[in-house]
Amino acid sequence: MVIEDTTLIGSIVFTKSGIMHVQMVSSDRMNEEINANGEIENGYSAYFGEYNIDTATKTVTYNRYGHLVDKYKDVVVNRHYDVGETHLHIYNSPGARMIWKRVE
Numbered sequence: 745m746v747i748e749d750t751t752l753i754g755s756i757v758f759t760k761s762g763i764m765h766v767q768m769v770s771s772d773r774m775n776e777e778i779n780a781n782g783e784i785e786n787g788y789s790a791y792f793g794e795y796n797i798d799t800a801t802k803t804v805t806y807n808r809y810g811h812l813v814d815k816y817k818d819v820v821v822n823r824h825y826d827v828g829e830t831h832l833h834i835y836n837s838p839g840a841r842m843i844w845k846r847v848e
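If you're matching positions, the sequence shown starts at 745 in the numbering used here and goes up one per residue.
Honestly, the hints are just simulated from the structure, not real lab data. As the structure is a prediction and not an experimental result, all values here were calculated from the model. Mixed in with the good hints there might be a few duds.
SDA-like, lysine to any residue: derived pairs with alpha carbons at most 20 Å apart [stated by the list, open to error]:
{"no.": "1", "residue 1": "Lys760", "residue 2": "Glu829"}
{"no.": "2", "residue 1": "Lys760", "residue 2": "Lys845"}
{"no.": "3", "residue 1": "Lys817", "residue 2": "Ile763"}
{"no.": "4", "residue 1": "Lys845", "residue 2": "Phe758"}
{"no.": "5", "residue 1": "Lys802", "residue 2": "Ile834"}
{"no.": "6", "residue 1": "Lys802", "residue 2": "Val769"}
{"no.": "7", "residue 1": "Lys817", "residue 2": "Asn836"}
{"no.": "8", "residue 1": "Lys845", "residue 2": "Ala780"}
Pair by pair, the computed Cβ-Cβ distance ranges are [what the hints assert, rightly or not]:
{"no.": "9", "residue 1": "Thr801", "residue 2": "Arg773", "range": "31 to 41 Å"}
{"no.": "10", "residue 1": "Asp818", "residue 2": "Glu848", "range": "26 to 36 Å"}
{"no.": "11", "residue 1": "Ser755", "residue 2": "Thr805", "range": "30 to 40 Å"}
{"no.": "12", "residue 1": "Ala800", "residue 2": "Ser771", "range": "31 to 41 Å"}
{"no.": "13", "residue 1": "Glu848", "residue 2": "Glu776", "range": "17 to 27 Å"}
{"no.": "14", "residue 1": "Ala800", "residue 2": "Ile753", "range": "15 to 25 Å"}
{"no.": "15", "residue 1": "His833", "residue 2": "Val813", "range": "19 to 29 Å"}
{"no.": "16", "residue 1": "Glu777", "residue 2": "Asp814", "range": "35 to 45 Å"}
{"no.": "17", "residue 1": "Lys845", "residue 2": "Ser761", "range": "16 to 26 Å"}
{"no.": "18", "residue 1": "Asp798", "residue 2": "Glu776", "range": "13 to 23 Å"}
Using N, Cα and C, we set each Cβ at its ideal position, and we do this for glycine too.
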């Protein structure tokens, strides 16, 4: 899946075996607002690990094994999500969501 409608572009992959990885880069790499996010460095973020989905609460939990920014590796992160036919919405916080478009 890819992000759209933002200066961030990237991919997120979830495997059937429970492994996930994310890579994102900003087309405006010097954007101060984007770089103020601790998980983004020079307009770039990347991490990987295992994931679990709870369909009852619509949450996905990432158990990160590695991250571009060292202090965010070995961290467990919970996100809410909504799934449509072509898009996946992942909510990083109540007011911030990432919209990923399915690539076929």
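Hint by hint, here is what the structure shows:
no.	hint	verdict
1	Lys760 - Glu829	18 Å, holds
2	Lys760 - Lys845	18 Å, holds
3	Lys817 - Ile763	15 Å, holds
4	Lys845 - Phe758	13 Å, holds
5	Lys802 - Ile834	10 Å, holds
6	Lys802 - Val769	26 Å, violated
7	Lys817 - Asn836	17 Å, holds
8	Lys845 - Ala780	25 Å, violated
9	Thr801 - Arg773: 31 to 41 Å	35 Å, holds
10	Asp818 - Glu848: 26 to 36 Å	33 Å, holds
11	Ser755 - Thr805: 30 to 40 Å	20 Å, violated
12	Ala800 - Ser771: 31 to 41 Å	37 Å, holds
13	Glu848 - Glu776: 17 to 27 Å	36 Å, violated
14	Ala800 - Ile753: 15 to 25 Å	32 Å, violated
15	His833 - Val813: 19 to 29 Å	24 Å, holds
16	Glu777 - Asp814: 35 to 45 Å	23 Å, violated
17	Lys845 - Ser761: 16 to 26 Å	23 Å, holds
18	Asp798 - Glu776: 13 to 23 Å	36 Å, violated
Going through the hint list in order, the structure does not satisfy hints 6, 8, 11, 13, 14, 16, 18.
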